[in-house]
Amino acid sequence: MNRFPNYRFLPYWLVMPSIIVIVIFLIFPFAQAINLSFHRVSPFGQLRNVGWRNYVEMFASPEYLFSLRNTVIFSALVIGVGLAVSLCIALLTTQKIRGTAFYQIAFIWTYAMSPIIAGVMWSLIFDPSIGVATRIISGLTGYSINYFTEPVAAFILVTAASVWVMLGYNICFFVAGLQNVPHNLKEAAWIDGASPWQTFWKVTFPLLSPTTAFLVFVNTVYAFFQSFGMIDVVTQGGPNRSTEFLIYKIYRDGFGRMQEGQAAAQSVFLFVIVAIIGAVQIYTSTRKSVYDR
Amino acid sequence: MFSIVARRMAVAVLVLAFVLGGIATAAAQPVKVEFWHSMTGSRLDVLNKVVADFNAINPNMQIEPVLVGTYEECLARFRAAYQAGQEPGIVQIYEVGTQAMHDSGMIIPAYQIPERLGENWDFGQYIRPIVQYYSKDGNLWSWPFASSTAMIYYNADHLRAAGLDPNKPPTTWQEMYEYGLKLIEAGVVKNALSFGWPDWMFENALALHDLEYANMGNGREGRPTSVSWPNEFTDELLTIWSKMARDGVWIYGGAEYNANGAFQSGEITFLMQSTSSLDGILKTVGDAFEVRTTFLPRLSDEYPRGNSLIGGNSLYVSNRVTDEELRVIFEFFKYISRTDVAVYWHKNTGYFPATNAAVKALMDEGWFTQSPNHLTAFLQILSGKSDTNASAGMRMGPFAQAREWVRTALEKIANGEDQRAALQYSAEQINALLREYNEFFE
Amino acid sequence: MKRKTIQAVATHAILLITLALVAFPMYYAFVMATHTHQDAYAFPPILSPGRELWNNLKEAWSRVNMETLLKNSLIIAVVVSIGKIIFSILAAFAFTHFRFRGSWFLFPLCMVTQMMPLPVRVIPLYRMMASWGWLNTYRALTIPYFASTTGIILFRQFYLTVPQELADAARVDGTTALQYLWHVLLPLSWTNIAALLVIEFVYMWNEYLWPNIATTAADMRVAQIGLRMLYTSERGAAEWNIIMAGLLIIMLPPLVVLILFRKQFAEGIAMQTTK
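Order-wise, the sequence lines are chains A, B and C.
Residue numbers for the first sequence follow the working numbering, beginning at 941 and rising by one.
Residue numbers for the second sequence follow the working numbering, beginning at 220 and rising by one.
Residue numbers for the third sequence follow the working numbering, beginning at -10 and rising by one.
Derived from the structure by calculation, the hints contain no laboratory data.
The beta-carbon is built from N, C-alpha and C at its ideal position, and this holds for glycine as well.
Each hint should be verified, as a subset may be incorrect.
[To be verified] Residues on chain C that point at chain A, a partial pick, calculated with CB under 8 Å: (1) Arg52; (2) Gln103; (3) Leu249.
[Unchecked claim] Computed Cβ-Cβ distance ranges for the label pairs, DEER-style: (4) A:Ile1077 with B:Arg639: 41 to 47 Å; (5) A:Met956 with B:Asn538: 54 to 60 Å; (6) B:Lys355 with C:Asp28: 50 to 56 Å; (7) B:Glu509 with C:Thr25: 20 to 26 Å; (8) A:Ile1077 with C:Phe94: 20 to 26 Å; (9) C:Trp93 with B:Ala640: 26 to 32 Å; (10) B:Asn434 with C:Gln27: 26 to 32 Å; (11) B:Thr391 with A:Cys1028: 57 to 63 Å; (12) C:Ile75 with A:Cys1028: 53 to 59 Å.
[Said to hold, decoys possible] For lysine-lysine, the following BS3-like pairs were computed, each having C-alpha atoms within a straight-line distance of at most 25 Å: (13) A:Lys1126 with A:Lys1142; (14) B:Lys579 with B:Lys251; (15) C:Lys60 with A:Lys1126; (16) B:Lys268 with B:Lys409; (17) C:Lys252 with B:Lys268; (18) B:Lys387 with B:Lys409; (19) B:Lys268 with B:Lys462; (20) A:Lys1036 with C:Lys252; (21) B:Lys387 with B:Lys401; (22) B:Lys553 with B:Lys268; (23) A:Lys1142 with A:Lys1036; (24) A:Lys1126 with A:Lys1036; (25) B:Lys251 with B:Lys268; (26) B:Lys268 with B:Lys502; (27) B:Lys387 with B:Lys355; (28) C:Lys(-9) with A:Lys1126; (29) B:Lys553 with B:Lys566; (30) A:Lys1142 with C:Lys(-7); (31) A:Lys1036 with C:Lys(-7); (32) A:Lys1036 with C:Lys(-9); (33) B:Lys268 with B:Lys631; (34) B:Lys502 with C:Lys47; (35) C:Lys60 with C:Lys47; (36) B:Lys631 with B:Lys462.
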């Protein structure tokens, strides 16, 4: 670890730029948010101390719990469906066939799309009057779905767009992970008479678990935070608050609904949730690298 | 390979340097005033033209229009910017923000602007309902600018196709329901009616029957403490809306302008929407079908006549502007009140011409005969009362949230939930918000 | 042998179908951008390209002042990428090559950026920036982003794999730590730098909330906001041809960066997962 023992101050100078930015632009505003979370703010900026009331009311609020529930469902779908689809595609592109390089590039590009771009593209596909998906569904079932008005339709729209936009990144990681699985292990399993299905679950998948764990974290962060732009542009949290996920609710409560104190309490709680997930992630990654050396 | 990467990066950095070099700043001569607004789409071009014309004839003054975002963002950002000392001179605020702006302590009331400059200005020249809406204790607090109201747009061809008389559009909700059923039965449309701004339509329905939305004289005699519904009227109204939703007559059309699309493509026959959509709709529909407009439907004559509500927005002035800036602002306000400017604004946006002189000018040149759809909203609002608290419009601090709660209730009703329970729940939420708002004044 | 061929053909078939499905939203967007407003609303939908692409691109370009938007997004994305790369290399170097008091605390502190996303602290941050007079400046849109969890992890993981002997040899030669970083470590880091460039360029180009809040002036807006402006219109019937033309323009730069550096991106990612 200590490859240059003769420097006392240099390491501090090296980390200082990052630390300064973090303290000024992250810690400090967040500390203010914590302070705000114990206040109510009037529409014209007066503060009134309310103690823990914002927190108490937050957990008693059906809207907040609804938002929490929907965020969890949304994340679970983005992670579950997204990772399953990506893993299947990654498995296929790492088969011994020609053109794997082409496929790996051909699937990566959705990574460059922003959540807003994905949202706009998919809102065309689900457009109530001209969308292709709408027309196919109404052709098959006679029922025309409308994401402006139907919570389920809006939920499907943002989930589909999110899964789609994360495909590139997920596939890229799975391909990298799969290429690291030693081939002789798989061959050994083959020789022992294991079917491809068994080989996958017994050999490949366990070896892939660090990658999967990492992707679960990244996709959680996406579902919790990055989906913001898509929501703001396409559904504005509606209809009937069905797509008002935690992060969007914070923004709307704090900025639009002028309830800064309540929004601050939500941010603090959200931070706690993500910090726990993040701590697990950091713990695993640090432990791994220690193991590595 | 490293060198290829390095070379590509060098290109990227060069591009950056080139771009950065191209940024120059110009020195300012005239007195500049920022003007934050939310005019998007076709209205943006019209607004920019009005401002550009003003700047052209006043070389020593410069209004800088800034499209800040939605109405909600505009209000939220003005507050935050004011607290940080970075607010614009003029800000456009939607009607929902009226009470919050009055309470904010951040603005100069409009009527005090001429006083502070030692000038006179006749506020009686603005049309009555607008003055009523934005006045407090008989004085105008914000400058009338883009006012609208709600009306019915309908597809006359559809009515003909269903064997209905296009000269007799529905005048009551019951008729609307029956017309809708006939249109659906005749196979003309799958759904007959949709609205924009459902929450505002609910407010309109109350005002149209001279019923108050909240206590304390509809919030005009003091800060309200509770809403006045659910009541007998909302029961009757929403029962019809529930039935219409059940039978597919009414299809929920989203929060703002989503429903316009369905109307323009001929999927629905009736659209309840702000008059400010008129020009957009006429332009988009073109000759595809005959667009007509009419008054909002009433429930029954058991209730007195009120009026439809003023919506849209008005202009507020920060109380930290210098006298020099205030003079520019006042000149600009006088400019937008000029008859020719008000006429131009009306013709190209569908918003009301704000002054009586502009209305007369439009009438004299035969504009309303030539474009009768532009007259509908006028007749509707001028033929109603505007001297009662109910018809002049509700006022409350947490208005934006109240709207959202009403919208939530209507979304539930559109999805088949019990209307009374849905509305009751929203009413309770709003009452809690009102209590909380009032706590700041204790 | 035969069975293998059948398997290969089946794999190709499945992959191509999946690829078509994944590419469809993009294709549909492109088709929309090539039609007139009327044709975009035609029934049944037209799924082959029309001839209006150029006109729609021009219309989208002028309607939202695309030149300014692209310029701003480019500046922000490039400056932030470079800033993050520099800051991350320095910090990762410190954490991997030195033992110093407080590193146990400073390292987790650097990991915190991922847990305090902007929406969580946007209002205090806005107030702070406003009181400094930073609104509508490039400073406000770039400097808050300079600290990067991803970057520090990426370089840290890599520097941990660099053999100890390299540093020892350098030290014996009398090379200073910074010279070692500059002459030995940096040339080895190009793949990671390129990978991080892709990640951060894409991230910043696609950033929306903070640029939207921190700027009001028309000449400081960024591309994602332009797309929202095209998309949100009070006219009702969405002008899909114009929206999608604008979308094609706006999505292009990050796509180009990704394709240019795809190899390094994939390798950087592979390096992260081998741990």
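Each hint, compared with the structure:
The beta carbon of Arg52 of chain C is not positioned within 8 Å of any beta carbon in chain A (closest approach about 15 Å), and the interface hint is therefore violated. Taken as an interface hint, Gln103 of chain C checks out: its beta carbon lies about 6 Å from the nearest beta carbon of chain A, inside 8 Å. Hint on Leu249 of chain C is violated. Least Cβ distance to chain A is approximately 11 Å, over the 8 Å limit. Separated by about 33 Å at the C-beta atoms, Ile1077 of chain A and Arg639 of chain B break the suggested range of 41 to 47 Å.
Checking the proposed 54 to 60 Å range against Met956 of chain A and Asn538 of chain B shows it is violated: the Cβ atoms sit about 43 Å from each other. The beta-carbon spacing between Lys355 of chain B and Asp28 of chain C, approximately 52 Å, falls within the hinted interval of 50 to 56 Å. Under the hint 20 to 26 Å, the C-beta atoms of Glu509 of chain B and Thr25 of chain C, about 23 Å apart, fit the expected range. As the Cβ distance of Ile1077 of chain A to Phe94 of chain C is approximately 55 Å, the hint placing it in 20 to 26 Å is violated.
Distance hint check for Trp93 of chain C and Ala640 of chain B: the Cβ-Cβ separation is about 56 Å, which falls outside the suggested range of 26 to 32 Å. Between Asn434 of chain B and Gln27 of chain C the beta carbons are some 52 Å apart, a value that contradicts the proposed interval 26 to 32 Å. For the pair Thr391 of chain B and Cys1028 of chain A, the beta carbons lie near 58 Å from each other, so the given range of 57 to 63 Å is met. At about 39 Å, the beta-carbon gap between Ile75 of chain C and Cys1028 of chain A misses the expected band of 53 to 59 Å.
Among the hinted pairs, Lys1126 of chain A with Lys1142 of chain A is consistent with the structure: their alpha-carbon atoms are about 10 Å apart, no more than 25 Å. Between Lys579 of chain B and Lys251 of chain B the CA atoms are separated by roughly 34 Å; this puts the pair beyond 25 Å, and the hint is violated. Proximity of Lys60 of chain C to Lys1126 of chain A is assessed by CA-CA distance (about 50 Å); at most 25 Å being required, the pair is judged violated. Using a Cα cut-off of 25 Å, the hinted pair Lys268 of chain B and Lys409 of chain B is violated, with the two alpha carbons roughly 41 Å apart.
Distance check on the hinted pair: Lys252 of chain C and Lys268 of chain B sit about 50 Å apart at the alpha-carbon level, beyond 25 Å; violated. For the suggested pair Lys387 of chain B and Lys409 of chain B, the alpha carbons sit about 21 Å apart, so the restraint of at most 25 Å is met. A threshold of 25 Å between alpha carbons decides the hint, and for Lys268 of chain B with Lys462 of chain B the separation of about 46 Å lies outside it, so the pair is violated. For the suggested pair Lys1036 of chain A and Lys252 of chain C, the alpha carbons sit about 20 Å apart, so the restraint of at most 25 Å is met.
For the hint pairing Lys387 of chain B with Lys401 of chain B, the CA-to-CA distance comes to about 14 Å; that is within 25 Å, so the pair holds. Restraint check: the Cα-Cα separation between Lys553 of chain B and Lys268 of chain B comes to about 16 Å, which is no more than 25 Å; the hinted pair holds. At roughly 20 Å between alpha-carbon atoms, Lys1142 of chain A and Lys1036 of chain A fall within 25 Å of each other, so this suggested pair holds. Only pairs whose Cα atoms come within 25 Å are accepted, and Lys1126 of chain A paired with Lys1036 of chain A is accepted, the gap being roughly 13 Å.
Restraint check for Lys251 of chain B and Lys268 of chain B: satisfied, since their Cα atoms lie roughly 17 Å apart, inside the 25 Å limit. Simply put, Lys268 of chain B and Lys502 of chain B have alpha-carbon atoms about 19 Å apart, close enough for the 25 Å limit, and the pair holds. About 39 Å separates the Cα atoms of Lys387 of chain B and Lys355 of chain B, which puts this hinted pair outside 25 Å; it is violated. A C-alpha spacing of about 22 Å is found between Lys(-9) of chain C and Lys1126 of chain A, which places the hinted pair at or below 25 Å, so the restraint holds.
With a C-alpha separation of about 19 Å, the suggested pairing of Lys553 of chain B with Lys566 of chain B holds against the 25 Å cut-off. Of the supplied pair hints, the one linking Lys1142 of chain A and Lys(-7) of chain C holds, its CA atoms being roughly 23 Å apart against a limit of 25 Å. Taking the CA atoms of Lys1036 of chain A and Lys(-7) of chain C, the gap is about 10 Å. The hint holds against a cut of 25 Å. The straight-line distance between the Cα atoms of Lys1036 of chain A and Lys(-9) of chain C is roughly 15 Å, inside the 25 Å bound, and the hint therefore holds.
Between the alpha carbons of Lys268 of chain B and Lys631 of chain B the distance comes to roughly 42 Å, so the proposed pair goes past 25 Å and is violated. Among the hinted pairs, Lys502 of chain B with Lys47 of chain C is consistent with the structure: their alpha-carbon atoms are about 21 Å apart, no more than 25 Å. For a cut-off of 25 Å, the pair hint linking Lys60 of chain C to Lys47 of chain C stands: about 17 Å separates their Cα positions. With a C-alpha separation of about 13 Å, the suggested pair Lys631 of chain B and Lys462 of chain B falls inside the 25 Å cut-off, and the hint holds.
Comparing the model with each numbered hint stated earlier shows that hints 1, 3, 4, 5, 8, 9, 10, 12, 14, 15, 16, 17, 19, 27, 33 do not hold.
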